[in-house]
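Trainee: Please construct the entire structure, taking both the sequences and the accompanying hints into account.
Chains as they are written, first to last, in our numbering: chain A, 1254 to 1381; chain B, 1254 to 1381; chain C, 1254 to 1381; chain D, 1254 to 1381.
Mixed in with the good hints there might be a few duds.
Which copy? The list can't say, so a pair holds if one copy fits it or any two copies do.
With a cut-off of at most 25 Å between alpha-carbon atoms, the simulated SDA-like pairs for lysine to any residue come out as follows [claimed, not checked]:
1) 1330 with 1294
2) 1330 with 1379
3) 1330 with 1280
4) 1330 with 1341
5) 1330 with 1378
6) 1330 with 1305
7) 1330 with 1319
8) 1330 with 1257
Note that these hints are calculated values from the structure, not bench results.
4 protein chains.
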Amino acid sequence: MTEAIGHRCWAIADGYIPAWSNGPPPEMESHEGLCILNAGGDPASVAVTAYFEDREPSGPYRFTVAPRRTLHIRLEKLDDPAPIPRGLGYALVVRSDRPVVVQQTRLDSRQAENAIFSTIAFPVTGIG
Amino acid sequence: MTEAIGHRCWAIADGYIPAWSNGPPPEMESHEGLCILNAGGDPASVAVTAYFEDREPSGPYRFTVAPRRTLHIRLEKLDDPAPIPRGLGYALVVRSDRPVVVQQTRLDSRQAENAIFSTIAFPVTGIG
Amino acid sequence: MTEAIGHRCWAIADGYIPAWSNGPPPEMESHEGLCILNAGGDPASVAVTAYFEDREPSGPYRFTVAPRRTLHIRLEKLDDPAPIPRGLGYALVVRSDRPVVVQQTRLDSRQAENAIFSTIAFPVTGIG
Amino acid sequence: MTEAIGHRCWAIADGYIPAWSNGPPPEMESHEGLCILNAGGDPASVAVTAYFEDREPSGPYRFTVAPRRTLHIRLEKLDDPAPIPRGLGYALVVRSDRPVVVQQTRLDSRQAENAIFSTIAFPVTGIG
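Mentor: Written out as structure tokens, the structure is:
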């Protein structure tokens, strides 16, 4: 029950935090979630790099996922070393020193009714 | 036609049962579905563990998927050993004694019009 | 450019054709699409089996995907040997004699505004 | 941080650019996005082929993804050698001379409120 599962590197190619919102925050605010599961018995140190279309990558954004816990991060809240701009396409590479599982979810409330999507991220094999 | 297919362990990192709903239940009630296909000729005994951000994991939630059948479980209905709280991020690990295929779907009707997403879960290899 | 790509067996665990619709058919009618790409130079003979929660599997539903073509099938239109009932959970196994790529998409227009999801199906390896 | 990750060939089986839209362009116009991450240190030369149900494939559509950059392409804007028609099912094969990660996203605003989906494309192994 405390076996680490997953991979140490994951990628997401379509990142985008919609620039405006309808509906009550925080739930109905347009946002993008990065969800990480650490099913193992040791803390996972995670470093996220954000890639853009017209500028140098940003990061690493660092945090820890406790053992046998999940962490659901809202990407618009990351601000160290710099926030990810709203309304701009980006991509993510998520690296962890322990195996984890990564899933991306977007809530888009730019129109009156929200839309959502989610996908398991791409597990990168053969890395570190 | 009765060949077991899939894996014995699957993971989902973004679990979330929206806390409120619009529209007629049961179809339009906000919910999260865990869909399991057992294409093989033997019953599959499944054990689901739920992971949270700030508390110990919950489970295992146990059930059986009959041979050559699918099971579409609404996660808010699991209550043994304890219900999964609404409005709280979680993650799932699904273990089965036979190969199965797992897919996650959410229906979010917190606003007047529903939104949906679905993704094949992450197949964990090298386990069991 | 005519190289066959993909797998010969794919699975989908969450099939569901919503039971009612809003908006003009055919586009806005609730439906589930099974999309198959045959990038190779030979016709792909496909056989689909539908699995249910409380009855024997239905199928095989047979069709051919021409070389270097895609086929986007609306599952509610399959009727030989029997239609897939609306409003009932099901799952699919898609077998092909040539490598193909399979993706599932649902449009749900039970409420006034449509919702959609899509996921690449699960590629089954080690079969056939 | 400049390690190339991913695959050199990816496939998408359900392509479809909805034929009409509601809401302000460009954001709310119905569209399909092809998002590519090139995390490596060299430019990635990409060639996309579009497959249809009833006609010969179209392409290759060629472009470059700069090193350590992502590219979010709106498929309705590709026009060399020919545009991809709206309202018609298609499929894509994406080839790159360097490893990349590919994700597909659709925004459907045919009804008053938009719907979205996204999925990591299918990574084709054993090619090139």
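Trainee: For every hint, state whether the structure bears it out.
Mentor: Hint check results:
1. For the homomeric pair residue 1330 and residue 1294, neither the shortest alpha-carbon distance inside one copy (27 Å) nor that between copies (28 Å) is at most 25 Å.
2. With identical chains, the CA atoms of residue 1330 and residue 1379 are never at most 25 Å apart, being 31 Å at best within one copy and 35 Å at best between copies.
3. In this assembly of identical chains, residue 1330 and residue 1280 lie within 25 Å of each other by CA distance both inside one copy and across copies; the values are 14 Å within and 23 Å between.
4. For the homomeric pair residue 1330 and residue 1341, the shortest alpha-carbon distances inside one copy (15 Å) and between copies (18 Å) are both at most 25 Å.
5. For the homomeric pair residue 1330 and residue 1378, neither the shortest alpha-carbon distance inside one copy (28 Å) nor that between copies (33 Å) is at most 25 Å.
6. In the homo-oligomer, the alpha carbons of residue 1330 and residue 1305 lie at most 25 Å apart both inside one protomer (17 Å) and across protomers (20 Å), since each shortest distance falls under that limit.
7. In this assembly of identical chains, residue 1330 and residue 1319 lie within 25 Å of each other by CA distance solely inside one copy; the values are 19 Å within and 27 Å between copies.
8. Proximity of residue 1330 to residue 1257 under the C-alpha cut-off of 25 Å is found in neither arrangement, the shortest distances being 27 Å within a copy and 27 Å between copies.
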